[in-house]
Amino acid sequence: MRCSLLVLSSYLDGELDAPRRGEVDGHLVGCDRCRNAFNYLQEEAERIGSLARVRVPDEAIHGFMAQLGLIGPDETLPSRPSRRPAAVASGTPPWLEGRTTGTSLPWAPRRVSEAVAADGNQPSLPFTTDLPVNELFRLVSPRADPSREEDGEAQVNLNGRSTLAAGVPRIPLVVRVEGPAPAVAPEQGTAPVPPPLPPAADAAAAMAVHQAAVTDADDADTPASGEDDELPDWAAAPDRPEPVVDEDPEPSGTPQTGWRSPPPAPGAPGQEEPPSSAWAGLVGRASHDGGPFPPAAPPPPPGDVPWTWDVPQSEPPGADVPDPVLRDGDAPPPVSQVPWTLSPRQQDRQSPRDAGGDGGDWADPDEDLWAWAPRGDVVDGAASDPDLSEDAEPQHLPPPPPPFDSTQGGQRAGRFASWSSLGAAADSDAVAGPEAGAAVDPLMARPPRPPRLAPASPVSWLRDKIALRLALMRQPRDDDQGMVSGAGSPGREPAWRAAPSPDTAPPSVESAGPISATAHSWNLPTAGGERAVPVLPHPHGATTAEEMMGPADGFAALPLAEPAGSRVHLGRHTRSLARHGRVGPLAGTLPDLGKRLAAARMRTRRALARAGGWWVLAGSLAVLVLLLAVFVPLSSKPASTAVTRTPPTAPPTLLVTPRPSPPTPSATVAPTATPSSAPAGYVPPAPLTIGNGGAGWQLSSLDYGQHATYLTVVLNLNPGTQGGSGEPTVVISAPTAQTMVVTLTGVTLSSSSGTLTGSGVVTGVGVTTSGSQTALRLALAQSVTVQSAGYILPTSPGGTLIFYLNLA
Amino acid sequence: MINAAANVPATSGEFTELVSEHLDDLVTYAAHLVGDAESAVELAAGGIFHAAKYPPARVRVDGRAALYRAVTRACRTGERYPPRPHGPSRLWRRNRTPFEVEFRGGDVASRMNTVKRALMTLPFERRAALLLSDLAQLRYAEIARALECSPEAASRLLAAARREFGSIYRELVI
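Protein chains in written order, with this note's numbering: chain A, 1 to 808; chain B, 1001 to 1174.
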């Protein structure tokens, strides 16, 4: 058989067939791993099975059904069937008798919100502390009950985990009766007095009888008990009456079993005086917190009813917690009968409760039961579980159980050595309070861990360095006690901040290094202006940190050179950094720029090498040049040649500045004549030449065209007798500010010459001809500027050639 | 062969008796499944209300599994009784009369401890399987009906739930 959790789970649930189950039984005998796993599974199933139950009272079921519409308002609800067989052994404690799942347990804790009514069917709680540990914490798996379908489980949760299956022959709890017959509290007068228990042998005999009962109840198929990994199958004889052994002739104080065990009277022979510190506190707490509780029973006469357990009736079954409540006047049980003896420390721990204190001085490490163990290893459900810790309800639990003795009884010793003991208190529904976690066996707790050194890391190294630097920079107080000045202490200011006058400037420069800069950057001033750790002024000057923590508190504001009269003194480290461009406004820019350029160059070279080398670069350059050669000439040529109007070959920027007294224009001025009366301040502009040397033209007419901003002078040239060709050369000059001479070469007058009337700017025109030259002298009213001049070619051969001159 | 007796519709008396018998367990199961006893009553009522509308043919045989199945579905989908209004209309619609049922043990069942904390970390199906098996004491066939899966899947689900619960519980305890 293979080890399988699935098989074990099915085996635990009883879902395997008989051959398979037998196979698993045999496997569990020899396989420790599977046995442990099975134990774990069983404990976890018990934990879940011991969760608190919610109970809807019988009187509320009718309303529930009516609201759901299952029954009418007047319809009677059928009686609630009992889910537990009523046939129970006579020796079974009454709280284990055929009660439904929701039946409250006698020791369930009281709740303020739930009224506690006296129940006559509930007897007093057995003297729990008289029970041996193996009886108290005996776990009986409900899975061992083959008749599980009867839903007849009852649960006994002494620690929130124990569960008894249905119909299980109850544990014969041995009672040693030494005093008078136990009685119940007056308010529980209806409770039947438990049947008198027959006398029994000593504890060993009682245990032997109990074991015999267990053995008898075992199923035949169950392997021989005695092994820690097997639980007795008590469900085989559900109705078997149990033998009860309840007598211990020897008053030796041996742990007894029994569901009711009144303690002996105080001062009884063979009994120790009960320590009031151990139990009176419980009584005191019960009386103090007994506001919602019913009135306490009157103290019984001595020797009659020493004490009894309170039995809340209407407690939900979910609160299946052994939470005994002692009444006032009840005598505590003798310590000798407590299975585990209270240590003096534990007894002292109970002392504050006797005085009505709030319970415990757990803060005192000397009084801490777990002081020997590391805090994290104390498995304390109350400490780790806030819900348990917040429960202010007094928990009247016995002191922590002792280590489970595998030699005594020993059925569950091996299992208690597992996780169940550690989580005994945490998984309980009602076990709460500081005692909840005390149910853990101290010997089962893990040993304290040895201290481990944290592995060094760069961060920790840097942190240590900074801490060291901070420690070195701290300033001692004036009282020379070695105390570091705090935020509110009058520590001295740093040199750069405290010195009010230039006289107190530090002498020389010394730096603490960049590490101090980091440290100081963390030591920013607080809201009150004080630093958490004042900076110790260095005897040799300011540190780098102090420089940087100046008015601007930054690298950018750090001057690279010490200004005259400044109180800021650069340290040698800072000066060195500034020389290398590491600090200052441009810190890091130039080296970064060089690095970026170098990186870009390297990237380019790598790309070229990958793409084919320099040939690619050469080809790219060639393409670029070709593109330039194609597009640049195209952009420089005229856009269109359809119009015969030729553009001017040169910008006609002929400027004529005015003259204070313009002379009267003369019509007979030689075009090339140099003006003799040129003013001293006038500088004639360079002559403007237009045309390409054409000849054979005759000046036929001269027109004016007045425009908004300029005046156009049009010369109409007709071809001569030999025919005109080309564009005759025109030279435009301005000998004076108000005289313009236009000389046309290769142009003759067609008919006559004379003085033309002016028009606007041109007040008169004088035309002269000499050979093949014709000169026009324009008399101007003001200084003008030649905006444009040029030829308009004839549209047809033999047409008129037009020369225009725009004057602004 | 057709079992004619199996097709006999269940009488309301049988179903009511069944609900009355298992009401505590159903509410307990719902309380530990959702971690809140107050809501558990409404969710259990929602499941029972749904199961009452569609009762199983064999109430005595399949009734318990059907009830747990209905309650499980109600807990999964949040189906309560009386149903809570959804949508924007809940702002102006008047709620129905709250479901007032007296029950006991709700404070203890709702109080968190390590077991419940470990339970709440499990997925819903695994948590339901654990509770159905260990708390409600259902067999694998009934768990399969309640969780709407096969018995083999229920066994695997339960084994995985136990494994996960154990590991989480030990971590929480330690």
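Simulated from the structure, these hints should not be mistaken for laboratory data.
Virtual Cβ for every residue (Gly too), placed ideally from N, Cα, C.
Just to be clear, a hint being listed does not mean it is correct.
[To be verified] Here are a few chain B residues that face chain A, going by a calculated C-beta distance under 7 Å:
{"no.": "1", "residue": "1020"}
{"no.": "2", "residue": "1031"}
{"no.": "3", "residue": "1102"}
{"no.": "4", "residue": "1104"}
{"no.": "5", "residue": "1115"}
{"no.": "6", "residue": "1134"}
{"no.": "7", "residue": "1163"}
{"no.": "8", "residue": "1164"}
{"no.": "9", "residue": "1168"}
[What the hints assert, rightly or not] Okay, the calculated bits of chain B under chain A, using three or more residues with CB under 8 Å as the criterion:
{"no.": "10", "region": "1047-1059"}
{"no.": "11", "region": "1074-1080"}
{"no.": "12", "region": "1135-1149"}
Comparing the hints with the structure gives:
The interface hint given for residue 1020(B) is met, as the beta carbon of that residue sits about 5 Å from the closest beta carbon of chain A, less than 7 Å. The closest approach between the C-beta of residue 1031(B) and any C-beta of chain A is roughly 5 Å, which is under the 7 Å cut-off, so the hint is satisfied. A hinted interface residue such as residue 1102(B) counts as satisfied when its beta carbon comes closer than 7 Å to some beta carbon of chain A; here the least separation is about 4 Å, so the hint holds. At about 4 Å, the closest approach between the beta carbon of residue 1104(B) and any beta carbon in chain A falls short of 7 Å, and the interface hint on this residue holds.
Evaluation of the residue 1115(B) hint against chain A yields a held restraint, the C-beta minimum of about 4 Å falling below 7 Å. About 4 Å separates the beta-carbon of residue 1134(B) from the nearest beta-carbon of chain A, less than 7 Å, and the hint is met. Taken as an interface hint, residue 1163(B) checks out: its beta carbon lies about 6 Å from the nearest beta carbon of chain A, inside 7 Å. The criterion of a C-beta within 7 Å of any C-beta in chain A is not met by residue 1164(B), whose closest approach is roughly 10 Å, and the hint is violated.
Using the Cβ-Cβ criterion of 7 Å, the hint placing residue 1168(B) at the interface with chain A is not satisfied: the shortest such distance is roughly 10 Å. With a threshold of 8 Å between beta carbons, the proposed coverage of the region 1047-1059 of chain B by chain A holds, since 3 of its residues qualify and at least three are required. Closer than 8 Å: that is the beta-carbon criterion, and the region 1074-1080 of chain B has 0 residues meeting it against chain A, so the requirement of 3 is violated. As drawn, the region 1135-1149 of chain B meets chain A at 4 residues by the rule of a beta-carbon pair under 8 Å; at three or more, the given contact holds.
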